[in-house]
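0 is the number of the first residue of the sequence shown in numbering that gives the first Met the number 0; add one for each residue after it.
No wet-lab data here; the hints were simulated from the structure. One or more hints might be untrue.
[Unchecked claim] Here are the simulated lysine to any residue pairs, SDA-like style, with alpha carbons at most 20 Å apart:
#1 K220 / Q191
#2 K220 / T2
#3 K76 / S131
#4 K77 / N6
#5 K220 / I62
#6 K77 / T118
#7 K220 / T187
#8 K220 / N6
#9 K77 / S133
#10 K220 / L181
#11 K77 / R129
#12 K77 / I9
#13 K76 / A208
#14 K76 / I9
#15 K76 / I7
#16 K76 / C142
#17 K77 / G167
#18 K76 / G4
#19 K220 / Y3
#20 K77 / S131
#21 K220 / G75
#22 K77 / D144
#23 K220 / N190
#24 K77 / F145
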Amino acid sequence: MVTYGDNIFIYFAGHGSLYRAAHDPIFTSIAGMSGTIEAICPADHYMEEHLDDDYTQVAGIDISDRELNIILSEIGKKHGNHITVILDCCHFGMKVRNSNSERRRKTRYLGSSGKTLSTMLAAADRDPRRHSDSPRALNDRWCFDFSTHVMIGACQDNETANEISGHGLFTMTFLNALRSSLGRNPDTTYNQLIDSPDMRLPFQTPAIAGSGQDSTLWFQKECLVYD
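Throw the hints in and build the complete structure from the sequences for me.
Laid out in structure tokens, this is it:
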């Protein structure tokens, strides 16, 4: 049972994808829906769309950065802001470059599943688990909320998340950094760990976002309970 103030840790290691608003006719008249929206890819990324009896999407739809942000905000309102999210994928501003060197490396990015951007965002809004006061993903005035969590991504927006022998390069590096003296120090902050030499990677630089970047790892100091 999760109670208010508990430390919540979410780790996704997999593939991300990219949706361009210009490719979806529904957004041509919406000024705020320009550019791209990114998503993480569930196991059924390439499956045919499937609807249950109340027309809620249940398969074949990616999880947009907007939907994930809504979910994290809802968790934060109910359980507090000690939420750490780590994404080892090409996602959250981590757009794909097309250089020859990157094509030779295996990356954590999947091409389009054939579904449209509007389909993905509308499916998020139809989810019966969404709170009535949560923002809609299909929204031309969207604004991200990073007040509830710290999010660490495998790479910057002009890079890709790479794999070695089927394993995420970021994940292996991150685990080694946690085993270091800095990673085991209860006073170490998220920013300090991400900026440390132990987190230096070839071809990619980890990214961090969220209002709690200067909190201690896993909010150890913030979660202390005194008798």
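How the hints compare with the structure:
1. K220 / Q191: holds (15 Å)
2. K220 / T2: holds (18 Å)
3. K76 / S131: At roughly 13 Å apart (the allowed maximum being 20 Å), S131 and K76 satisfy the hint.
4. K77 / N6: holds (13 Å)
5. K220 / I62: Cα-Cα ~32 Å, so violated.
6. K77 / T118: Violated, at about 28 Å.
7. K220 / T187: holds (10 Å)
8. K220 / N6: holds (11 Å)
9. K77 / S133: holds (13 Å)
10. K220 / L181: holds (15 Å)
11. K77 / R129: With Cα atoms ~13 Å apart, K77 and R129 stay inside 20 Å; holds.
12. K77 / I9: holds (16 Å)
13. K76 / A208: Given pair K76, A208 holds - Cα atoms ~19 Å apart, limit 20 Å.
14. K76 / I9: Answer holds: K76 to I9 is near 16 Å, not above 20 Å.
15. K76 / I7: Since the Cα atoms of K76 and I7 sit roughly 13 Å apart, the hinted pair holds (cutoff 20 Å).
16. K76 / C142: holds (17 Å)
17. K77 / G167: Violated, at roughly 32 Å.
18. K76 / G4: Given that 20 Å is the threshold and the Cα spacing comes to 10 Å, the pair holds.
19. K220 / Y3: Judged against 20 Å, a Cα distance of about 16 Å means the pair holds.
20. K77 / S131: holds (14 Å)
21. K220 / G75: holds (18 Å)
22. K77 / D144: holds (15 Å)
23. K220 / N190: This hinted pair holds, its Cα atoms lying about 15 Å apart.
24. K77 / F145: holds (15 Å)
Violated hints, in rising order: 5, 6 and 17; the structure is consistent with all others.
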